[in-house]
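K.L.:
If you want the building blocks of each chain, they are given just below.
2 protein chains.
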Amino acid sequence: MTLRERDKKAIWHPYTQEKTAADNIVMVRGEGTYLYDETGTKYIDGTSSWWTNIHGHAHPYIAEKIAEQAKKLEQVIFSGFSHEPAIMLAERLLSILPGGYEKVFYSDNGSTAVEAAIKMSLQYWKNKGEERNKIICFRDAYHGDTFGAMSVSARGVFTDPYSRLLFDVVFIDTPDFSNEEEIKKQLRSAIRNNTSQIAAFIFEPLVLGSSGMKMYSAELLDDLIGICQEHKILTIADEVMTGFGRTGKMFATEYLTHATDIICLSKGITGGFMPFAATVVKGFIYDAFYDDEKSKMLFHGHSYTGNPLGCAAALASLDLFEREGTLNKIGDITKTHEAFAKRIKDNPTLRDVRQQGTILAIEFEVGQGGYLSSLRDKMYQFFIERRIMLRPLGNVLYILPPYCISGADLQAIYSAIEEFTAQKR
Amino acid sequence: MTLRERDKKAIWHPYTQEKTAADNIVMVRGEGTYLYDETGTKYIDGTSSWWTNIHGHAHPYIAEKIAEQAKKLEQVIFSGFSHEPAIMLAERLLSILPGGYEKVFYSDNGSTAVEAAIKMSLQYWKNKGEERNKIICFRDAYHGDTFGAMSVSARGVFTDPYSRLLFDVVFIDTPDFSNEEEIKKQLRSAIRNNTSQIAAFIFEPLVLGSSGMKMYSAELLDDLIGICQEHKILTIADEVMTGFGRTGKMFATEYLTHATDIICLSKGITGGFMPFAATVVKGFIYDAFYDDEKSKMLFHGHSYTGNPLGCAAALASLDLFEREGTLNKIGDITKTHEAFAKRIKDNPTLRDVRQQGTILAIEFEVGQGGYLSSLRDKMYQFFIERRIMLRPLGNVLYILPPYCISGADLQAIYSAIEEFTAQKR
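From first to last, the protein sequence lines stand for chains A and B.
Everything in the first sequence is counted per this note's numbering, starting at 1062 for the first residue and increasing by one.
Everything in the second sequence is counted per this note's numbering, starting at 1062 for the first residue and increasing by one.
To be clear, the hints were calculated from the coordinates, so they are not data collected in a lab.
Honestly, I wouldn't trust all of these hints.
When chains are identical, the list treats them as one kind, so a pair holds in a single copy or across two.
Heads up, simulated SDA-like pairs for lysine to any residue below, C-alpha to C-alpha not over 20 Å straight-line [stated by the list, open to error]: (1) K1133 to C1465; (2) K1390 to S1467; (3) K1195 to Q1258; (4) K1189 to R1404; (5) K1080 to A1349; (6) K1245 to D1221; (7) K1406 to S1156; (8) K1080 to F1345; (9) K1195 to S1224.
Bear in mind that the values here come from a model prediction, so they are computed numbers and not experimental data.
Same shape as in the complex, but just chain A (with noise of 0.2 Å):
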């Protein structure tokens, strides 16, 4: 048998109808912006992996690191103990991030960044002697695939078998750049209507990933979050995919004036080498935990919580902004999405072209939006025999590029969506 028909008997993936979807493309090596499947064919990785890989494939200082941490401390049980590649990472976090905060807690990947974030924002309260139950989310927000991530999330196809079983949150609309006056009013009412019930607001800073790269502007969100301090209601930032780079700047929270109190950050922090992630808050969230009493403690924990390699990982990865520039490289894609956002922005099969930073966003005119659509397998498959690796998100288009993406491949996958979009005209 072929790996792709071993793929197939043995394994279930992940957002797929094995039925209908194209076999699985089995990859045996990656190398920067590259990955060769088992023919030796070189795709272009246009969206880094669900937007985890920002150095590029397999690099070899951040292997390196994890091979040494590997050889040395592998594991070590998180309550209780410590180790240094945690330490230092939490302490290079902390000094990175804008806004003052102070603790960091490390899980395994985005969803459990967001679930434990949820979990403080309602003991929070708990501990302080209030009940507070409801977290204001946008319509279309994404934060994850377990109960507590999805409940917090928009309600959809991605819900429906579940949402009888899902926790009830209290959504305000998405915001766009023609819509703000009407999400302050509603993120006021909301607060209104449910007085000292909201524990906590939480969103994707600028960009809403998940529901088709969904952009909004810096300035509204510090207002959001305004009103929200003015209510003592607890923010919490969901940078699982802004993260590291993406927006233009390290964190799309730095484009903010306000600070949230809790920042969930996953994907790139290993440089997209391994599951890890860290909820990171302000010293008043931590100091509501901290207490004679025990049962104010904060519970939640994986097994691997803080695991030396996933510590090792994004240490490197860290080091690699600063030995190879990462930020101008974040600054030349930038610069080079704007010049082709121009060029096609007037195109007739567009509904819209968007840009934060390194994600461009090209919405087309027909088709639906979701994940069913059928636009988004034509252009998944256009893409895949053109050995790009793109995935749309319904009539949404977008290039997530790793930061090492050369000036030439960028025009190769800009190329192709002019051919695509000629295709449609």
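Once you've looked at the hints, dock chain B against the given chain A.
P.N.:
Here is chain B on its own, set in the frame of chain A:
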């Protein structure tokens, strides 16, 4: 500042009341059964660092395999794509699991393995045209810390601050060796009282871990599974702790005659090196999602699903089971535990001494159960002072060692336990 001080300043540790807890001990190196702190002091890891480490710390073979993989292919999006280590691991897991499982779904930790299993169960029924939203579980169960996993776990101190947002489940009492008929009666009546609403029954096979290593018979579990099968209720074995040799056989479900429909694996799966998990299912479960209708797919996935480093570690760990005759070591630990259990079982300070394979649990007569008991802290400190890492669950002290532990180190732990019981007398 010392590492301990820096740790306290920057990190929020899981399951820790940091105000009353002793300073976290900072480990710098691991080797076999031992961890070494920054002063060079050597500790015996008596509970395998949260039940994860099975072949010993920093095992060079697993470290080497991770290093090789990191240099070659560290990560690839697992939707639309696959890679050889994931395929080999799935085939290998299917070949060693009892009971004819057919498909492997990967995720990152025990909680997500359980969340995936719950979502599969609910959507299985929905895809079949039935709405079934209730799950049966044991009253003292522990299945993880995310909202879905918490919902199917015991209500109590762990879940109190978040309990208003947990979904309802159907609890039956926790079995022991004296109440088997009663448990079967409760399961039958739970099914009768919720006709056509029960999607699945989830359980920790043979040993309920976090609630205090509560043990029950394989015969009873077989009967319970049989009752579920009569009513076409799905069965989910959470082998996150019990898997990979812990209970004396490779999987706890090997003690059963009936096979479960879904099995959750994590912790020991990577030999204790890094977060990774799998939810493995029978073919008929997968078939209910395999459809021309795209919306029947499973809507679950994490960025690092099927991470190549995790797969490489897991394959290496399975190699070691063969190369190092690990099941023989497990047999030796089992026998050594048995002899010690016989020696202390009549000690008047003890209520119960119970064992399942490499897990030996000693329940004290005095002191309440539960996470917040003061006996727990006293015991914890007693053993740490003797350089033995044990982590009692309330009044239950247990040993759950790496399989490479020597007879001398086991005896050292036993002696310390006898010293403690002598003090208590």
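K.L.:
If a hint holds in the structure, say so; if it does not, say that too.
P.N.:
For each hint, the structure was consulted:
For the homomeric pair K1133 and C1465, the shortest alpha-carbon distance between copies (17 Å) is at most 20 Å, but the shortest distance inside one copy (30 Å) is not. Taking the shortest alpha-carbon separations for K1390 and S1467, only the intra-copy value of 9 Å comes in at or below 20 Å, while the best inter-copy value is 53 Å. Taking the shortest Cα distances, K1195 and Q1258 sit within 20 Å of each other inside one copy (6 Å), while across copies they are farther apart (28 Å). With identical chains, the CA atoms of K1189 and R1404 are never at most 20 Å apart, being 55 Å at best within one copy and 49 Å at best between copies.
In the homo-oligomer, the alpha carbons of K1080 and A1349 lie at most 20 Å apart only across protomers (11 Å), although the nearest pairing inside one protomer, at 50 Å, exceeds that limit. Proximity of K1245 to D1221 under the C-alpha cut-off of 20 Å is found in neither arrangement, the shortest distances being 28 Å within a copy and 33 Å between copies. Taking the shortest alpha-carbon separations for K1406 and S1156, neither the intra-copy value of 39 Å nor the inter-copy value of 54 Å comes in at or below 20 Å. Taking identical chains as interchangeable, the C-alpha atoms of K1080 and F1345 lie at most 20 Å apart only when they sit on different chains, with a minimum of 14 Å there against 51 Å within one chain.
Within a single copy, K1195 and S1224 get their C-alpha atoms as close as 17 Å, and across copies as close as 13 Å, so both meet the 20 Å cut-off.
The structure fails hints 4, 6, 7 (numbered hints given earlier, in ascending order).
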